[in-house]
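Colleague: Below are the chains, spelled out letter by letter.
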Amino acid sequence: MQALHAIPWIVLFLPLFAAAGIALFTLKDRELSAKVSIGAVVIGFILTVIFIAASGWEPQRRELIVTWLEVGDLQVDFGLRLDALSLMMLLIVTGVGGAIHVYSYGYMHEDRSVARYFASLSLFTFSMLGIVLSNNLLQMFIFWELVGVSSYLLIGFWYEKPSAADACKKAFLTNRLGDFGFMLGILTVWSLLGSLNFSVLQDELFKNPAALGACATAAGLLIFCGAMGKSAQFPLHVWLPDAMEGPTPVSALIHAATMVAAGVYMLCRVFFLLSVPGSHALEVIGWIGGFTALLAALMAVQQNDIKRILAYSTLSQLGYMVLAVGVHAPTAAMFHLTTHAFFKAMLFLGAGSVIHALHHEQDIWQMGGLKKKLPVTHWTFLVGTLALCGVPPFSGFFSKDAILAAAVEHSVGLFVLAVAVSGLTTFYMFRLYYVAFLGGARTDAASHAHESPPVMVWPLRVLAVPSALAGFWGIEALFSGALGDGHGVQNLPFLEQLFAPINHAPLAALGGLIAVVFGFAFAREFYQNAALDPLPQRLGALARGMKNRFYFDEIYDFLIALTQEALARFAQFVDRWIIAGLLVRGAHGTTELFGRALRLVQTGNLQTYTFLFVLGVALLLIFVIGNGH
Amino acid sequence: MNNPLVLEIVVVVLGLGLLLLDLWLPVERRRTLGYAAAGVLLLLLLGSCLAAVPETTHAFGKMYVQDTLAVFFKRLFLFSGVVVLVMAVEFFDKLQAGLSEFFALVQFALAGMLFAASTNDFALLFVAVELITVTFYVLTSFQRNRALSLEAGVKYLILGALSSAFMVFGIALIYGTTAKLNFGEIAVVAPQFVTNKIFLIGLLLVIVGLGFKIAAFPFQMWAPDVYQGSPTPVTAFLAVGSKAAGFVLLLRVLFGAAPQITAHWPTLLMVLAGVTILYGNLCALPQRNLKRLLGYSSISNAGYLLLGVAALSAAGQSALLYYLAGYVFTVLAAFLVLTLVLRQVEGEDITALAGLSQRSPMLAAMLTLAMVSLAGVPPLAGFFGKFLLLKSVVEQASGNACYYWLLGAAVLGVVISLYYYFGVIQAIYWSKDVTDLSPIAISTPMRLCLWACAAGMLFLGLFPGWVVNFATAAVRALR
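Chains as they are written, first to last, in the numbering used here: chain R, 1 to 629; chain E, 1 to 479.
The set of hints was computed from the structure by calculation and includes no laboratory data.
Keep in mind that a hint or two might mislead.
As the list claims (entries may be wrong) - Lysine to any residue pairs mimicking SDA-like chemistry, simulated, CA-CA at most 20 Å apart: (1) E:K180 / E:A123; (2) R:K371 / R:P454; (3) R:K207 / R:H109; (4) E:K197 / R:I622; (5) E:K197 / R:V617; (6) E:K180 / E:F169; (7) E:K197 / R:A618; (8) R:K170 / R:R308; (9) E:K432 / E:D349; (10) E:K197 / R:H109; (11) R:K28 / R:L16; (12) R:K161 / R:L146; (13) E:K197 / R:G626; (14) E:K197 / E:A172; (15) E:K432 / E:V345; (16) E:K197 / E:F169; (17) R:K372 / R:R308; (18) E:K391 / E:V411; (19) E:K197 / R:L621; (20) E:K197 / R:L619; (21) R:K28 / R:H109.
Said to hold, decoys possible - For the chain E half of the interface with chain R, some residues (derived, Cβ under 10 Å), not all of them: (22) I158; (23) Q192; (24) L200; (25) G211; (26) F212; (27) F219.
Glycine included, each C-beta is placed from N, C-alpha and C at the ideal position.
Excised from the complex, chain R in its bound form (with noise of 0.2 Å):
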């Protein structure tokens, strides 16, 4: 058993030595730094399988714990959380991200840093895993802030160039403003009740459901602050199309399996603090969920960047995951997060080979025609999409049926937003698919592609057997085991687990498929065969506005402008002329001039030197002697 308890170490630890051994001694050999660094992902994906077919789901030990330091009183431990939750993730995070370090070897093969390329990716993985192990809200952010340093370096990769430089700066920065809000959370939650550890607050709230009192809604939010930033929801939604600037296997790795299911992830390990009883912070997260996957969802449409599509296609899911936290339906959520990681990471690297055969080349209306020149990258994405739109069987179909009924049953509104957001998704995924892949080439570059070499395509025909079936491996009764809720969800044989959402909730699996339906005869109708995108006459200001994304980001800026420059100005005025000026240097001048004075007595002359020993003596006498004794 010892042997055993030693795996999620060895899988969490094996990414950070990598790191520092590409970092330390193999950044001049871009091969050996490479394999290093797939290797340890590879290993720790093996690792976790086998710790899991040997302890199963729910290990006997749910939490293994070391002491990290103790001063006194106070002792500070590191912890793992081992459960179906955290080894589910901690599998997608090593499975998929190890199929997008072997892509990346292909991808990023002509690059000359390849070797900080890997460093930094071994970096990502093992903050990211350490975010999923953590067994306590203090330990968890301090990963959760190397994920963010990390994807600083991963989006800000070719930093040479000036979007890149602004792109790692912006997403840095707006992760920053949501963990701030995480921080005020964890450190009302650790006033409150005393634990940052996960398993004592449960215990702690379940004895006591009132024992966050009037702030639960409060915090419920903060902590949700930190899921905003990191997860992308609305108002923090700006950093995440911008960061697609980093190289296309960091997009996938970044913005479909991991970065940002952390925050949705967070959200579901902390779902007993958030649902108390008298917090109203669910229905906040719920209706920002929706938003955010609505506003996404439109901005979409008119983008025409393959990248940019799917990263807002990306921020519209994760809409969606957030939305069933706030339908109470956390379950839910992670089978969506799971899904989603499968599918939205081969479509990443399915642009990804489409934008390696047309020589970077990311615009879809320069494209056209690629359905016979890249067959195998066809036909996965086209798996990938009908996953991501929703059809049956394909596992997204599973996982957003499951949010659309628990938003039925909770709150009318989200649902509608969630079904008109399920049409909008069709839309603009089989737009793209029409004007990329079908209709004819319309550059040379098109005309001229050529499939990836295998070390690309492999990893996206193993991801695609997840994206199509993974509905059918019982995932979500797993969650639904590990979170308690998921209204008895079981593992069904596969014809009846095809036909579950139907029978279940019936009006849920209906709006979905009939928003596909819509969704796909729109885009047929417009874009089969289209030279030009027909949208922007016929919706004029609206399309304009979706594709300039709404000026969300002009807003920003003039806001920024307005409010925190002028702050800056106000602080730099304080700390120059107030601090620096009238404290530090009033204080800094007084006693320097005490010091000279006093220097003066130091005269070098001994006849002063002998009078004011002498004279200390006499002081000496007078004030012993003459105070009475």
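For chain R, the structure is supplied; the task is to place chain E on it using the hints.
Modeller: Relative to chain R, chain E alone:
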């Protein structure tokens, strides 16, 4: 090691032996004499550390006492003796003549310090103090062709003679009133003399003499000039050995010979400690000469050490011992670096440190470590020492609110001191105009001494338990 006097005997014989060997050794091989002497002292130190702390024993009719307190100080003296000898060898180029005499004089001063640690009688106190001081008259003016050095020697001689005169007068008054010289015997009869002004004046005059040794206000005038003018190894020995000897004698007189009278003097001791701290720190602020800076720093440190005396408690005294141990390692490290850096430069201005981080990263790191420890930053020895001292002061504050003022003065002093200690660090790493970038050669003995000092600073800061226990046991010997 059965004879309690073995350390003193070996050191004195070693000093005489060095003088004799000087007659036969050719000039160019005299360096090895210094290393040999340092080696012998190191062996003595190791022997003392390995042997168990002996039972309290007396010699010379109870004039001399060998107890835990004496052993604690003797180990510190031996360690500083080793380092100062190594430093002196390195300093050889600047001493035109008489290297062997220099080594021998260091031995004699060391013998005086060892006697001071074991003093239990006013007569031996006077002999030990004079042995130390007279030796230092010669040592401070050892660079005979350097006016500053001669000036330092003359100042030290005149003021030292003055303070000795006061002290011997004080001893005479004490003997005149009590007819006793032994500390233990005086402690028995002292309660009868609480109101006897002659006796009190006598005791105060002894304190004047010891206050001169430790450079406490108002007897600190000599320190900056003499620190600046003396050869660097002598300055180091003054700052460490001579000061520690003053403190062990002060502890023995105040708490061994006249505890009942000291108990009436908290205000006096508080004023002395507080003013010494502020004076040293304020004067150091505008200082640009490195050795002078360390001179003022040593005044302020005397003030911190006096906190432990003013606290009038066993906790305060053991904090004093702990702080002194950390101070020895820290100050020796600083002077080791200065010896190397100032070897080639004429002045001792702070600008001599410019570019040190490139010339020798190790020396830069060591001096930084020493400054940070002096400033009292964790996890170094200086931090924990100051913490213990302030803690002992706070513990007394419930009975006497004046201790809060003392605490305030001490904290203010710490804040002020950050400025000039970090000014040194700034000069090391961020000097603008760096002219000399030649690397600095460090001999192996110097390197070993540096590592030993760094290890001491870190060990005391990270694992204070061992030395605190030793200090607590040593203080118990005073009761």
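Colleague: Would the stated hint for Q192 (chain E) survive a check requiring a Cβ distance to chain R of less than 10 Å?
Modeller: 14 Å, violated
Colleague: Are K371 (chain R) and P454 (chain R) close enough, with their CA atoms no more than 20 Å apart?
Modeller: 18 Å, holds
Colleague: For the pair supplied as a hint, K197 (chain E) and L619 (chain R), confirm whether the alpha-carbon distance does not exceed 20 Å.
Modeller: With Cα atoms ~15 Å apart, K197 (chain E) and L619 (chain R) stay inside 20 Å; holds.
Colleague: Within 20 Å, alpha carbon to alpha carbon, are K197 (chain E) and V617 (chain R)?
Modeller: 15 Å, holds
Colleague: Sort out whether F169 (chain E) lies within 20 Å of K180 (chain E), counting only the CA atoms.
Modeller: Cα-Cα ~15 Å, so holds.
Colleague: Given the hinted pair K197 (chain E) and A618 (chain R), is their Cα-Cα distance within 20 Å?
Modeller: The hint holds at about 14 Å.
Colleague: Would the pair K432 (chain E) and V345 (chain E) pass a check requiring their Cα atoms to be no farther apart than 20 Å?
Modeller: 18 Å, holds
Colleague: Check whether the Cα positions of K207 (chain R) and H109 (chain R) lie no farther apart than 20 Å.
Modeller: 56 Å, violated
Colleague: Given the proposed pairing of K432 (chain E) with D349 (chain E), does the C-alpha separation stay at or below 20 Å?
Modeller: 15 Å, holds
Colleague: Could you grab the alpha-carbon distance between K197 (chain E) and G626 (chain R) and see if it respects the 20 Å cut-off?
Modeller: 10 Å, holds
Colleague: Are I158 (chain E) and chain R close enough, Cβ to Cβ, to be under 10 Å, as the hint says?
Modeller: At 6 Å from the nearest chain R Cβ, I158 (chain E) passes the 10 Å test, so the hint holds.
Colleague: Does the interface hint hold: is F212 (chain E) within less than 10 Å of chain R, judged Cβ to Cβ?
Modeller: Nearest chain R Cβ about 8 Å off; hint holds.
Taken one by one, the earlier hints fail for this structure at numbers 3, 10, 12, 17 and 23, listed in ascending order.
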